[in-house]
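Q: One-letter residues, chain by chain:
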Amino acid sequence: MTAPEAAAPRFRPGDPVRVRFADPPGHIRTPWYIRGHAGVVERLCGTFGNPEELAYNRPGTPRQPLYRVRFRQDQLWRDYRGPASDTVEVEIFQHWLEPGDAR
Amino acid sequence: MTAPAEPHGHDHPHEHGHAPHPPARPDTDDTLTYYKAMEVAVRELLIEKGVISADDVRRAIEAMDARSPAQGARIVARAWTDPAYKARLLADPNAAILELGIEPGVYKLVVLENTPRVHNLVVCTLCSCYPRGVLGLPPDWYKSRAYRSRAVHEPRAVLREFGTEVLDSVEVRVHDSTADMRYLVLPERPAGTEDLSASELAELVTRDSMIGVARVRAPSRGGA
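These protein sequence lines are chains A and B, in that order.
The first sequence begins at 233 in the numbering used here and counts up by one.
The second sequence begins at 697 in the numbering used here and counts up by one.
Rather than coming from a laboratory, the hints here were simulated on the basis of the structure.
Predicted, not measured: the structure shown is a model, and the values here were computed from it.
It cannot be assumed that every hint is accurate.
[As the list claims (entries may be wrong)] Some chain A residues flagged as far from chain B (calculated, every beta-carbon gap over 10 Å):
no.	residue
1	G246
2	R261
3	R300
4	Q305
[Unchecked claim] In silico contact screen, one side only, chain B against chain A (beta carbon under 8 Å); selected entries:
no.	residue
5	T821
6	D864
7	R869
8	D872
9	T874
By construction, the Cβ of each residue, glycine as well, lies at the ideal position given by its N, Cα and C atoms.
Please work from the sequences and hints to get the whole structure.
A: Encoded structure:
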């Protein structure tokens, strides 16, 4: 049995990334509140079937690299009440990520 | 809460010579929604066609209900008392929990260590992903819209409502469980528990401390 087709990882831990700002129809597992926002890759979790395909009983290939991306809370919410060091980490599939601005 | 207008088909004050009773509970305390009806239909078809049996379904529910936060507590207590185990747990959680005879299931477990500098909090904003394999079924509040939206937007206010104050010098790190990972918080071992065994420590570890909304407390000295 051949391994299912998987997309190659484009990002490494520490890389700045930006979540695509998009609103496609269907089953999406990228929360709204981080779309368009910049973050940093915390780790590569592995490659997994694309949930946007699996939800409709399709094979979910190519499997997508899944990352945990760390965001600064004070950049996500204009009214965030807490220190600048507070963060949120979200699992995001590679096809939702673009290279971020170097900082 | 109001009684039907004419339950007895006659009109008299509701006195039968005994103490007033609370309103009767409806016989069916559940509503058959679209998806519930679909579940029943699919389940009955699968049983009728011999794909699965009613006993398979019952056993699967029993296995689901058998998982409880006690499993997570055992993992935490072992990590507190065995530094080498803790290192393995943080590096490869699925393999480390299997060492304790806990089946990791299909998801990848991520263990988040609370430290004096970082306090971790777990939420699933999209639905209710929860590390059922190690904590059992999630509490109702975990699935509520209020928790799911507020935990990412105002985590410190949420923590305060759970009685957990986190100093501004400590980073609050929220983990939104959106895909294929499941998260278990490894809480800080409370001071004053140096003499306790792993099984005594496990009894202190609460479900909420492993979600990250609470800390583990040492047993009060000389308590009842």
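Q: Which earlier hints turn out false for this structure, listed by number in ascending order?
A: 2, 3, 4
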